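S.K.: For reference, the chains in residue letters:
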Amino acid sequence: MNISPAAIEKNLVEEISSKLDSVGLMYRIFSRLKSEQSLNNKIESNDEYGNSKKIQDLIGIRVVLYFSDDIETVRKIVSSKFDEKSNDVSIDEVKKEEFRAIRYNIVYSLPSNDFSSFEFNSSTDFIDSTFELQIRTIFSEGWHEIEHDLRYKCKNDWNGYDGESRLLNGVYASLENSEWTMIKIFDELAYSHYKSRQWSAMIRQKFRLRFVDESLDDDICNILSNDVELAKKFFRVERSFLISEMNRLGFYFPMKINNVFYFMNIISVKDQMIFKKTPALMMEEMNG
Amino acid sequence: MKDAQKVITLFRKYGFEYRGNISSNDYLAFTYKSGFFHNAELVSLYPNDKSKIEKEMESSLRSLERLGFSTKKSFYDSIDDLEKALFDGFFNVRDWRAKTRKEYDEHSDKILKSLPSDAVNYNYINVPYLKNGKLSEIDLIKDVCSSLTLDGPLLSIIEAPAGFGKTCTSYEIINKLANNNDRGPIPFFTEFSRDRQARIFSHIFIREVDRSFNSVSSDVVIEEVKGGRIVVVLDGFDEILHDSGSDIDSSSKFEEAEPMLETIGELLTDNAKIILTSRRSAIFDGEVFSEWMERYSDKFKINRYRLEKPEVKDWLSPSRLRMISETEINITRLSNPVLLSYLRFVDDVTFSSLCANTEKVVEQYFKSMLEREMDRQQLRMSPDQQKEFLKIIASDMCDNDYTSDSKERLINTIKEKAGSIINEVRKLYSPKDRPTIDKLATTLSNHAFFDRSNRKDGHIEFINEFVFGNYIAEKIIECEGNWISSDERFVEPAVSSYAPRSGAERLNLWVGLSEMKYFLDPSSRMKFEWMLTGDISEDGYAGVEISSLNIRSTDFFKEGIIKDCVFNDCTFNDSFFYFSNFHEVTFINCNFWDCEHSKLLDNVNFYNCKSNNEFVQDEEIEDLVEDQSDFLTDVEKYILHKIWPIGSTSIERLHHFIGIFFKTNDFTKKEITKGIRKLKQRGILQDAHSVNFVEINKERFSDIKILMGRS
Chain F
5 MNISPAAIEK
15 NLVEEISSKL
25 DSVGLMYRIF
35 SRLKSEQSLN
45 NKIESNDEYG
55 NSKKIQDLIG
65 IRVVLYFSDD
75 IETVRKIVSS
85 KFDEKSNDVS
95 IDEVKKEEFR
105 AIRYNIVYSL
115 PSNDFSSFEF
125 NSSTDFIDST
135 FELQIRTIFS
145 EGWHEIEHDL
155 RYKCKNDWNG
165 YDGESRLLNG
175 VYASLENSEW
185 TMIKIFDELA
195 YSHYKSRQWS
205 AMIRQKFRLR
215 FVDESLDDDI
225 CNILSNDVEL
235 AKKFFRVERS
245 FLISEMNRLG
255 FYFPMKINNV
265 FYFMNIISVK
275 DQMIFKKTPA
285 LMMEEMNG
Chain X
213 MKDAQKVITL
223 FRKYGFEYRG
233 NISSNDYLAF
243 TYKSGFFHNA
253 ELVSLYPNDK
263 SKIEKEMESS
273 LRSLERLGFS
283 TKKSFYDSID
293 DLEKALFDGF
303 FNVRDWRAKT
313 RKEYDEHSDK
323 ILKSLPSDAV
333 NYNYINVPYL
343 KNGKLSEIDL
353 IKDVCSSLTL
363 DGPLLSIIEA
373 PAGFGKTCTS
383 YEIINKLANN
393 NDRGPIPFFT
403 EFSRDRQARI
413 FSHIFIREVD
423 RSFNSVSSDV
433 VIEEVKGGRI
443 VVVLDGFDEI
453 LHDSGSDIDS
463 SSKFEEAEPM
473 LETIGELLTD
483 NAKIILTSRR
493 SAIFDGEVFS
503 EWMERYSDKF
513 KINRYRLEKP
523 EVKDWLSPSR
533 LRMISETEIN
543 ITRLSNPVLL
553 SYLRFVDDVT
563 FSSLCANTEK
573 VVEQYFKSML
583 EREMDRQQLR
593 MSPDQQKEFL
603 KIIASDMCDN
613 DYTSDSKERL
623 INTIKEKAGS
633 IINEVRKLYS
643 PKDRPTIDKL
653 ATTLSNHAFF
663 DRSNRKDGHI
673 EFINEFVFGN
683 YIAEKIIECE
693 GNWISSDERF
703 VEPAVSSYAP
713 RSGAERLNLW
723 VGLSEMKYFL
733 DPSSRMKFEW
743 MLTGDISEDG
753 YAGVEISSLN
763 IRSTDFFKEG
773 IIKDCVFNDC
783 TFNDSFFYFS
793 NFHEVTFINC
803 NFWDCEHSKL
813 LDNVNFYNCK
823 SNNEFVQDEE
833 IEDLVEDQSD
843 FLTDVEKYIL
853 HKIWPIGSTS
863 IERLHHFIGI
873 FFKTNDFTKK
883 EITKGIRKLK
893 QRGILQDAHS
903 VNFVEINKER
913 FSDIKILMGR
923 S
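Going line by line, the protein sequences match chains F and X.
Using this note's numbering, read the first sequence as starting at 5 and increasing by one per residue.
Using this note's numbering, read the second sequence as starting at 213 and increasing by one per residue.
Worth double-checking, as some hints may not be accurate.
[Stated by the list, open to error] Derived contacts from chain X toward chain F, CB cut-off under 10 Å, selection only:
#: 1; residue: Thr243
#: 2; residue: Ser263
#: 3; residue: Glu266
#: 4; residue: Lys267
#: 5; residue: Glu268
#: 6; residue: Ser427
#: 7; residue: Val432
[What the hints assert, rightly or not] Straight-line Cα separation of at most 30 Å, DSS-like style, residue types lysine-lysine; simulated pairs:
#: 8; chain 1: X; residue 1: Lys603; chain 2: X; residue 2: Lys346
#: 9; chain 1: F; residue 1: Lys157; chain 2: F; residue 2: Lys188
#: 10; chain 1: X; residue 1: Lys262; chain 2: X; residue 2: Lys285
#: 11; chain 1: X; residue 1: Lys354; chain 2: F; residue 2: Lys280
#: 12; chain 1: X; residue 1: Lys225; chain 2: X; residue 2: Lys599
#: 13; chain 1: X; residue 1: Lys770; chain 2: F; residue 2: Lys80
#: 14; chain 1: X; residue 1: Lys245; chain 2: F; residue 2: Lys14
#: 15; chain 1: F; residue 1: Lys23; chain 2: X; residue 2: Lys225
#: 16; chain 1: X; residue 1: Lys325; chain 2: X; residue 2: Lys284
#: 17; chain 1: F; residue 1: Lys260; chain 2: X; residue 2: Lys284
#: 18; chain 1: X; residue 1: Lys296; chain 2: X; residue 2: Lys245
#: 19; chain 1: X; residue 1: Lys572; chain 2: X; residue 2: Lys619
#: 20; chain 1: F; residue 1: Lys281; chain 2: X; residue 2: Lys599
#: 21; chain 1: X; residue 1: Lys346; chain 2: X; residue 2: Lys311
#: 22; chain 1: X; residue 1: Lys262; chain 2: F; residue 2: Lys80
#: 23; chain 1: X; residue 1: Lys354; chain 2: X; residue 2: Lys521
#: 24; chain 1: F; residue 1: Lys274; chain 2: X; residue 2: Lys599
#: 25; chain 1: F; residue 1: Lys14; chain 2: X; residue 2: Lys218
#: 26; chain 1: F; residue 1: Lys23; chain 2: F; residue 2: Lys281
#: 27; chain 1: F; residue 1: Lys280; chain 2: X; residue 2: Lys629
#: 28; chain 1: X; residue 1: Lys285; chain 2: F; residue 2: Lys23
#: 29; chain 1: X; residue 1: Lys346; chain 2: X; residue 2: Lys325
#: 30; chain 1: X; residue 1: Lys770; chain 2: X; residue 2: Lys886
#: 31; chain 1: X; residue 1: Lys619; chain 2: F; residue 2: Lys85
#: 32; chain 1: X; residue 1: Lys325; chain 2: F; residue 2: Lys23
#: 33; chain 1: F; residue 1: Lys85; chain 2: X; residue 2: Lys225
#: 34; chain 1: X; residue 1: Lys296; chain 2: F; residue 2: Lys281
#: 35; chain 1: X; residue 1: Lys770; chain 2: X; residue 2: Lys325
#: 36; chain 1: F; residue 1: Lys280; chain 2: X; residue 2: Lys267
Because the hints were derived from the structure by calculation, they are not lab data.
None of these values were measured; they are calculated from a predicted model.
Heads up, the beta-carbon is just placed ideally off N, CA and C, and yes, glycines get one too.
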């Protein structure tokens, strides 16, 4: 059965979403299929297409994250599922002396069973068996949207207006600042909850995941309240490590605060008392 | 249920994850995530030990629930039960059947909308049809549906001219399937109409599948189609084929259709059943399509249904039938479902007045519908103005090659193209009641002659091909012979809707088509010439292939000349052939019932033809010479070279389309016919499954090699 690019696109979006959902990341996902017209425009725009290079973004997927510290994590997660074409990664370096739009685009090979039936008759010579993933944050997404339509697409309008151009970049700088500030705010808040022994709130604000419930079980809260040193260990679990491990071990349980807490204990804290509380099932499944 | 691996495979198919750690020897555990809901199902492997296993499941169950899963214990008696339960659950079979029935009801309402107000209920009326070339007595729907229960893959192709009930037939089929409570396959129905985007069948198919069954992946749907649990009904297959519009070459058209047919061919394995309806299209008559069928003939069966003209007696009460047959009118001309429904439902007074002047039936039908529309929508737009307006929309469709459009775009088209009519109409209202241009355009987009296409969200199209064709025809006539549309698809509805009109009106349409007819494929062109002019005599059929005509009571080339032409699979009734005007014409697999000819000449050839009189000379009996010599005649060599071209190392196909041998100027058709016969006598060629083909006798390979000097 020939699989249409649209169907492949849909499958990819589903697979990536399911991966990100199972670790509770906060994100939005968008995807688009290059229209035949824009495909042809691109092919015509450069003689190299069909010769030395092929179009790699027939299918483009964009994951837009709430938090900038998830960018690397998401790349790792997607790369654990699909083969990254390392030669075709375009990630702009962050330079200390300038603020500018950063690209974070990665090209992945399509799973081979999909490509074998990729149906784009005459264009096959021009299209690579890949899809492109762009990772962004919500703030930069907003800035990019505006910049794309009103500056990138009409560069001439900006000729000679370097001041304005610089100011627009400045907006980006302040957004990057705001992103960073926000994370700091949540960290501060988490720390305050730690100090006031609000354990559920501490976990929620520290780990910033899409939990399906509101609070830790009372008996766990009691254990933590009686042993603040233990609570500190949980507070110190690194967020990106937690998410990566969830992905590595195939965490498939509902994103209840309790479940994530048990999991943290398994991968990092390893407290015996908490082990006793942990459902056997999770012990067996996640003790990898 | 002892086969745990089978259970695991089945659950995985539907997106469950197998959880080995939670499973035991007696039951298997699966988890399934849908949205934010986490489900877990424990499936017993031993249904008879229910109470024991239920107890065993308890601790896992509690553990899963503590972790936040919704749990379920399952006991299935057999793999089949399990398979059915999963299918019923994921495909929402009960809701799906109900939804299909509702769609059927909506379809009935749509039909009633195009009939006089006396029409209160809709009934599908059977039309006569040919099944695989033979007239069948069995009710069409019954025949199609009962074939769906047979084992093995099956493709049913239902062909009918524009406006002869393809969509109605599809709806009858899906309704019947939907009413098979709990038993039998469920229908997956897609109605195609041409929109403004380029379309690729497999993409449309997958998109429709995804939209319809959104809780399972398209792979699962495809698997269930192959397994026969879902019957695919594709209505209006021809709508996604775009004719090239210039020089018509059936093989190039087929190339366009081929990826779609390949997709269908790939689906047709195991127990798959696919039904597709299409206008009679050159594609299905061409040699490449025959080859496609032949290529797949070992893989799946094909049933071809051809709907014929509806019979007046099935539609009208005996008294009305009597009244109408007492007039001098040729009632077979009225054999169109829309007109027959009209005649069935009009009141007695109108019916008698129509009998007095049956030439006016069509006109009356349109007039009464348009007058009713003024009432229905409180529209101050005269029937003439409505006609102008509908003509504008129909011709926009012909010019821009679409048959359905979103409501929004239709309203824009109305405002853009019919602005002056809208303004005229607005003047008829007092300033107080005067609708805005937008409002009037919106009202017109709800015209009784438009309807929502059933499958495409909010798309609007003409309510049926008869109405659509009528307005296309009006436009064609107005153009006085200069009319050319972007695609030949638009000609057939025009011709069909004008077939019931008076001779003069029909002729007008033919004159209007004088430019366009050169772009038609020759078989359609000949059919339309006959339908509109009553006979066949024009030039322009030189060197062409005419397929699947079904023509009665006509004179063939009383004037004019036809040459180098091959007729394939045609049926002629009660017709006269002026063979002195035929040069090098070959009839392959044609039937001649009650036909006569002036005089048989050498350059008219028959191959596999039948007649009920002396029309066809049985030449097969001639030349019965025992000729097993080691030499091939030139024509035999030519034929064998077609089968085994010089330069190729092997014979690629066993089956060969006969028509292809006739495409040469080196030999006369008669010589070729003789050559094929000789090769059959020699046992080198033999008849294939289909009469249009011959096949190589495998046992004679070595002789063929020797004869051709290739050993």
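S.K.: Next, verify each hint and record whether it holds.
M.R.: Here is how each hint holds up against the structure:
1. Thr243: Holds. Min distance 6 Å.
2. Ser263: violated (24 Å)
3. Glu266: It is violated, given that the least Cβ distance between glutamate 266 of chain X and chain F is near 19 Å, above 10 Å.
4. Lys267: violated (18 Å)
5. Glu268: violated (15 Å)
6. Ser427: It is violated, given that the least Cβ distance between serine 427 of chain X and chain F is near 12 Å, above 10 Å.
7. Val432: violated (12 Å)
8. X:Lys603 with X:Lys346: Violated, because 39 Å separates the two Cα atoms, which is more than 30 Å.
9. F:Lys157 with F:Lys188: violated (35 Å)
10. X:Lys262 with X:Lys285: Holds. Lysine 262 of chain X to lysine 285 of chain X sits at ~10 Å (cutoff 30 Å).
11. X:Lys354 with F:Lys280: Violated - the C-alpha atoms of lysine 280 of chain F and lysine 354 of chain X are around 66 Å apart, more than 30 Å.
12. X:Lys225 with X:Lys599: At roughly 55 Å apart (the allowed maximum being 30 Å), lysine 599 of chain X and lysine 225 of chain X break the hint.
13. X:Lys770 with F:Lys80: violated (80 Å)
14. X:Lys245 with F:Lys14: holds (18 Å)
15. F:Lys23 with X:Lys225: holds (19 Å)
16. X:Lys325 with X:Lys284: Not satisfied, since the Cα-Cα distance of roughly 49 Å exceeds 30 Å.
17. F:Lys260 with X:Lys284: holds (20 Å)
18. X:Lys296 with X:Lys245: Judged against 30 Å, a Cα distance of about 21 Å means the pair holds.
19. X:Lys572 with X:Lys619: Between lysine 572 of chain X and lysine 619 of chain X the Cα gap is close to 33 Å, so the pair fails against 30 Å, i.e. violated.
20. F:Lys281 with X:Lys599: Violated, because 79 Å separates the two Cα atoms, which is more than 30 Å.
21. X:Lys346 with X:Lys311: violated (35 Å)
22. X:Lys262 with F:Lys80: violated (45 Å)
23. X:Lys354 with X:Lys521: Holds - the C-alpha atoms of lysine 521 of chain X and lysine 354 of chain X are around 19 Å apart, at most 30 Å.
24. F:Lys274 with X:Lys599: violated (82 Å)
25. F:Lys14 with X:Lys218: Within the cut-off at roughly 28 Å; holds.
26. F:Lys23 with F:Lys281: holds (27 Å)
27. F:Lys280 with X:Lys629: Violated. Lysine 280 of chain F to lysine 629 of chain X sits at ~77 Å, over the 30 Å cutoff.
28. X:Lys285 with F:Lys23: holds (27 Å)
29. X:Lys346 with X:Lys325: Cα-Cα ~35 Å, so violated.
30. X:Lys770 with X:Lys886: Holds - the C-alpha atoms of lysine 886 of chain X and lysine 770 of chain X are around 28 Å apart, at most 30 Å.
31. X:Lys619 with F:Lys85: It is violated: about 43 Å lies between the C-alpha atoms, which goes past 30 Å.
32. X:Lys325 with F:Lys23: Roughly 51 Å separates the two Cα atoms, so the pair is violated.
33. F:Lys85 with X:Lys225: holds (20 Å)
34. X:Lys296 with F:Lys281: violated (40 Å)
35. X:Lys770 with X:Lys325: violated (45 Å)
36. F:Lys280 with X:Lys267: holds (24 Å)
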